[in-house]
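S.K.: Residue numbers (this note's numbering), protein chains in the order written: chain A, 89 to 166; chain B, 8 to 221.
Simulated from the structure, these hints should not be mistaken for laboratory data. For every residue, glycine included, the Cβ atom is placed at its ideal position computed from N, Cα and C.
Rough simulated footprint, nothing fancy, chain B against chain A, three-plus residues with beta-carbon under 8 Å:
(1) 101-111
(2) 124-137
Listed next, with one range per pair, are the computed distances between beta-carbon atoms:
(3) A:GLU122 <-> B:ALA159: 35 to 41 Å
(4) A:MET129 <-> B:PRO116: 26 to 32 Å
(5) B:GLY12 <-> A:LYS114: 22 to 28 Å
(6) B:ASN177 <-> A:GLU122: 35 to 41 Å
(7) A:ASP130 <-> B:GLU169: 50 to 56 Å
(8) A:MET129 <-> B:GLN155: 40 to 46 Å
(9) B:GLY109 <-> A:LEU112: 35 to 41 Å
(10) B:ALA159 <-> A:PRO134: 49 to 55 Å
(11) B:ASN177 <-> A:ASP130: 47 to 53 Å
(12) B:GLY86 <-> A:GLU122: 24 to 30 Å
(13) B:ALA139 <-> A:PRO134: 45 to 51 Å
Here are some chain B residues the structure puts well away from chain A; computed CB gaps all over 12 Å:
(14) SER78
(15) ARG83
(16) LEU107
(17) GLY109
(18) ASP134
(19) GLY135
(20) ARG158
(21) GLU162
(22) LEU165
(23) PHE173
(24) ALA176
(25) ASN177
In case you want the letters, here they are:
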Amino acid sequence: MTELREDKISVLLPLIDATNHRPLAKVEWQAGTESIGLVVMDNVPPGVEIANNYGPRNNEQCKFRSWKGPHTNLKVVQ
Amino acid sequence: MTEHGGHLDERVRFSRDEQRGVHIQAKPEQPSDLPRRTCVLKAPVALTMSYFDAIDYRPPTEGVQPTSPFSSRGVRLPGEFVDAVGPEETTAFFLMGQYLKGQDGFWFPYIRSLPRPDELTTPLYYDGEDLAWLNFTSLAAARERRMQLWRANYEKGLEILEKLRFENANHFTWYETIRWSPLPTRLTCEPGTCICGHPLSYHPERSLQKFLPA
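Please take these sequences and the hints and turn them into a complete structure.
M.R.: Here it is in structure tokens:
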């Protein structure tokens, strides 16, 4: 089998995918061989949502995927 | 999740509202802020689902025979199929195969939490008036291209499975399932480095890899 480019492989992440996406969320993913952790990089006040940051996506990716969270700066032109 | 080593910080909880749907928040009753650098969630690699599972990937390690966290869990797609359609379509068919296992599937609790085909509201599921409206927008062409691409990939994959006499290949003919399956794989997916810790060509110096959002 030919060697794969890492960015060609998509992964479903149970639990972590329960978080909504927020473009400016300050989080860090800690990926090990046993587990993947989501670490907040800012203090989170009580009652505040903890969001993930899926990184930049182009318009087509945002529109054709069910991203959890607000979509900003997307224009549908008529 | 907890049985397999998953973890949700005790100061964090699931919540739900109309605007945000299901989401995660710091518990309102906490006396102070959740401090930065808190690991709020931890998911075992063994519970992730990806191409690595579809191919029963075994990370190369030295010494003792490794136990891999990846497993096809009863959906063994033929190697000839995998090589022909590539990782992305393999993953979509793999997810669908797991979906078809129903309650017998290892990932059943997770799959049933994913949006059902009738719950998806992306433009690919538009019809009637919604589709008529979309056809006047700049997204119409992109939608059409995407639909044609998925349909072509689906037909190619199914043809190969049938040619290889893959058991229950006919179960993969449900167009709505095939159309649904690629979406969750693009729903919340992240590049494979974040679960493998290293690419398929192993680099020992990267046994723990931090994935930083772009």
